[in-house]
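> Can you make the complete structure from the sequences, with help from the hints?
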Amino acid sequence: MIATIILLVILVVVAVVILLKAVRIIPQARAGIVERLGKYQSTLSPGLHILVPFIDRLLPMIDLREQVVSFPAQSVITEDNLVVGIDTVVYFQVTDPRSATYEITNYIHAVDELTSATLRNVVGGLNLEETLTSRDKINAELRGVLDSTTGRWGLRVSRVDIKEITPPASIQDSMEKQMRAERDRRAAILTAEGEKQSQILTAEGQRQASVLSAEGDAKAAILRADGEAQAIQKVFDSIHRAKPTQKLLAYQYIQTLPKVAEGSANKVWMIPAELGDALRGVGEFLGRPDAGPDWGEVMEEEDEQEAEARRRAKEDEGLVKVTDEDLNPSKRFTDPDDYEVPGPETIDPNAPVDLNAKLPGEDTRAGAQRPRQAAAPQGRDQPFDQQGQQPHPQAQQGYQGQQHPQQHGRDPYRPSGHDGYGQPPQR
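For the sequence shown, the working numbering begins at 1 and goes up steadily by one.
In case anyone wonders, no lab produced these hints; they're calculated from the structure.
There's no promise every hint is true.
Calculated lysine-lysine pairs in the DSSO-like style (CA-CA distance at most 27 Å, straight line) [as the list claims (entries may be wrong)]:
1. 177 - 163
2. 219 - 196
3. 39 - 21
4. 137 - 163
Label pairs and their in silico Cβ distance ranges [as the list claims (entries may be wrong)]:
5. 67 - 192: 50 to 56 Å
6. 183 - 161: 39 to 45 Å
7. 12 - 163: 39 to 45 Å
8. 169 - 63: 38 to 44 Å
9. 1 - 58: 36 to 42 Å
10. 72 - 156: 20 to 26 Å
11. 113 - 13: 44 to 50 Å
12. 158 - 73: 53 to 59 Å
Glycine included, every Cβ here is placed at the ideal spot set by N, Cα and C.
As structure tokens, then:
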């Protein structure tokens, strides 16, 4: 009895083991390779399958989904002999489980090695700049080479991406400087454009403000001028309505003159030419028609008297010098400070002049010649014809032989119309 139970238990265990060996479930997106007695038997698709126990063997299942494999950085030499590190990512999918099982030992490792070799070939024909800027070209070439090579392995490479390209440290520093300079340049351009726009807006605002201010000033000036014009017109109309006489206008004119000198800056009084007419008008108003003198004639006479006095002073100065040299020839070439020059006040204009009389100090011997008069020094003592005025009679040659004008009863050194020395005639 006990032996029967033990045998029954053994049979149940064997049946369970056989059942477990015979029944296989393949999950979705998986594939199973069945070998019977060591030979490929079939490829199991997802679902329930019954195998022959101890005869059929199920190999490890193969994932049919697209796989992403990231490979470590590969050191690649560019065409310009620079070593760069490139990280790649390969997207592939098993399309034939039998080929992936029997054509290649480890297809993932095979894809890694193939990617490294292809990457060296592609990047080796490019320089650093092309390598950094031609990622799409490198990806396309890698994908084409990998897909054509892995097709017989039952694989399909759908995509190859380059994650990072690491240039040498020196190149990185240069690139960073270049990028920094480029960023600074762009920042400077943006700053300059902003300042330009700001200045344009500021200038536009100032221009509009200036225009508005000028328009306001112009309107204010126009209104001010209109107001002054209306005030003047009203005053003018009021004066005309009152019918003022010439006497009243002259009186008002004189009353207004002191206002001309008002203010601290007015240092000179300007006497208008109409002052004489105004004074005559006031004289008529007071009952004296001749009360106001002709100030124009008075001023002209004063100017003439002043000019005549200046001319006579120059003539007297030349006369005094010539007379002194004739009276004392020894002093012609001496220092003027050693003797006293007779002035106009010491000469009697009414005394007669004897041209044949001997001068003091002159040699009276027979045959003695009178010393020649020295040339007048430059400046004011020159003959007056060199200074643009009428020459003195004694400064001309041949004067000694001429008759003195005083013998005719007129003083030659006194201008006509004067009753005294340098004094105009009294009115």
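> Evaluate each hint against the coordinates.
Do the hints match the structure? See the list:
1. 177 - 163: OK: residue 177 and residue 163 at ~23 Å, within 27 Å.
2. 219 - 196: Outside the cut-off at roughly 34 Å; violated.
3. 39 - 21: Satisfied, since the Cα-Cα distance of roughly 18 Å is no more than 27 Å.
4. 137 - 163: holds, 14 Å
5. 67 - 192: 50 to 56 Å: holds, 53 Å
6. 183 - 161: 39 to 45 Å: violated, 27 Å
7. 12 - 163: 39 to 45 Å: Roughly 57 Å apart at Cβ, these two residues miss the hinted range, so it is violated.
8. 169 - 63: 38 to 44 Å: holds, 41 Å
9. 1 - 58: 36 to 42 Å: Because 40 Å falls inside the window, the suggested range holds.
10. 72 - 156: 20 to 26 Å: Given a distance of about 23 Å, which is inside 20 to 26 Å, the answer is holds.
11. 113 - 13: 44 to 50 Å: At roughly 48 Å between Cβ atoms, residue 13 and residue 113 fall inside 44 to 50 Å, so the hint holds.
12. 158 - 73: 53 to 59 Å: violated, 22 Å
The structure does not agree with the numbered hints 2, 6, 7, 12 stated previously, though it agrees with the rest.
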